[in-house]
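Residue numbers (the numbering used here), protein chains in the order written: chain A, 1 to 311; chain B, 1 to 138.
Partner residues aside, some chain A positions facing chain B, computed with beta carbon under 10 Å: (1) Arg192; (2) Phe194; (3) Leu216; (4) Arg221; (5) Leu240.
Source of the hints: derived by calculation from the structure; they are not laboratory data. Built from N, CA and C at the ideal position, the CB exists for glycine as well.
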Amino acid sequence: MNASTHPSSTLRPADLSLHSSAIQQPSASACLSGVQLGYGKQTVLRDLSWQLLPGQVVGLLGRNGAGKTTLLETLLGLREPQAGRVELFGQAALQIDDAARARIGYVPQQSDLFEGFTPAQLLAYFRSFYPRWNEAKVEGLLSRWDIARDKPIAKLSGGQQQRLSIIRALAHEPDLLVLDEPVASLDPAGRRDFLRELVDQVLDRGTTVVFSTHILSDLERVAFNLAFMSEGQISCQAPLDELIEQLRSVQGSAAQLQSLVSRLGAEVLRRHALEGGQARWLIRLPADAPPDAQDDRLQALNLEDLFMELT
Amino acid sequence: MNHEQIFSINTGSTEPIYRQLMEQLRRRVASGQLSAGDEIPSVRELAQSLAVHPMTISKAYSLLESEGLLERRRGLAMRIAPQHRKAQSAASRIELLRPSLEQAAETARQLELSAAQALQLFEQILQELPDPQEGDAA
Numbered sequence: 001m002n003a004s005t006h007p008s009s010t011l012r013p014a015d016l017s018l019h020s021s022a023i024q025q026p027s028a029s030a031c032l033s034g035v036q037l038g039y040g041k042q043t044v045l046r047d048l049s050w051q052l053l054p055g056q057v058v059g060l061l062g063r064n065g066a067g068k069t070t071l072l073e074t075l076l077g078l079r080e081p082q083a084g085r086v087e088l089f090g091q092a093a094l095q096i097d098d099a100a101r102a103r104i105g106y107v108p109q110q111s112d113l114f115e116g117f118t119p120a121q122l123l124a125y126f127r128s129f130y131p132r133w134n135e136a137k138v139e140g141l142l143s144r145w146d147i148a149r150d151k152p153i154a155k156l157s158g159g160q161q162q163r164l165s166i167i168r169a170l171a172h173e174p175d176l177l178v179l180d181e182p183v184a185s186l187d188p189a190g191r192r193d194f195l196r197e198l199v200d201q202v203l204d205r206g207t208t209v210v211f212s213t214h215i216l217s218d219l220e221r222v223a224f225n226l227a228f229m230s231e232g233q234i235s236c237q238a239p240l241d242e243l244i245e246q247l248r249s250v251q252g253s254a255a256q257l258q259s260l261v262s263r264l265g266a267e268v269l270r271r272h273a274l275e276g277g278q279a280r281w282l283i284r285l286p287a288d289a290p291p292d293a294q295d296d297r298l299q300a301l302n303l304e305d306l307f308m309e310l311t
Numbered sequence: 001m002n003h004e005q006i007f008s009i010n011t012g013s014t015e016p017i018y019r020q021l022m023e024q025l026r027r028r029v030a031s032g033q034l035s036a037g038d039e040i041p042s043v044r045e046l047a048q049s050l051a052v053h054p055m056t057i058s059k060a061y062s063l064l065e066s067e068g069l070l071e072r073r074r075g076l077a078m079r080i081a082p083q084h085r086k087a088q089s090a091a092s093r094i095e096l097l098r099p100s101l102e103q104a105a106e107t108a109r110q111l112e113l114s115a116a117q118a119l120q121l122f123e124q125i126l127q128e129l130p131d132p133q134e135g136d137a138a
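Hey, can you work out the whole structure from these sequences and the hints?
Structure below.
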């Protein structure tokens, strides 16, 4: 891919259509602008800007090593960027006060539970930090997810530790929930349970959720918006429905493709050169294109195809 | 019929989930498995049962409503619209109702009932009707 066709220049950077059509300027739950962060000579976040609006459920997609965990940790104020600004609920992320901190729930990729504690002890400990704590939810989830309250955490299975980490993050009813690969150790039934819990959060509290996962079928169900991370930036953020309906892959000679694109009024997002003078382009149809007035050569994309194209 | 029997989600498809839901509901109606007046699950119920974002469900429902397949009723579950009656104009059907309502209004006045009380009763009676298809006895 070359820089001139990078999707960031053509796709809308953030979707504003969710939930809040009545509110003109909803204040973002999290806002990053011009964030630069690297380790040694390696740049991980490159002049990255990103916003999470209240009530959005955003799936964060990127290849292994793209910097998703670094991005989420930076968003939470756990890493200090070399340049740029990070705000949580309007406060500088590195210096948020306790009240703002209590509005955040976080499930890290690496379990950070105290392994010597039992689940009951761990939850009692965290409970003391938060002004709000939904004991009924905690008890309900511990029972439903079959977690032994009085067994040392070190002796729980990976899946149970992950569930406990999720319970801890939901217990204080956060307004912003950040989940980094939250379901890697869960079986399909456990993942479905977790997704239902997320849907409940959205229904009951309008929680802002961002989560990264490689399990695309989960994202497809609950993430209304997707953010694709590539080359240290959010290269594209849009509602999944819109991406599926508007993005197409098309193959042919450059001249054929050019005439097709102008006939459809489409935008070219990426150009891949193929052998023998052929090319494959990723194009975006105009939003009002009639679904039938298209062309046989246009190939629809599913989420996995989008992942391959946009990350 | 429970929700899983009406709807199923096919992930990894090039058809967005809201369109899958619309298509499945259309098919249920076309095949007669759902018919006019049947209630459909609320956005909340279906979002929870399918583990799908509620916006996706409400998008499908709203589009089906504007197609005329679903009918939204305030404070009540949405239901399959009685499409066969769309042919008659609403205005002419309302005129058919006028005589019985004029009579009812006369009775309400004699009993010194307020307009709100009378309307509340009428609304209640409408809601208690068992099946909209049998509700056209004049």
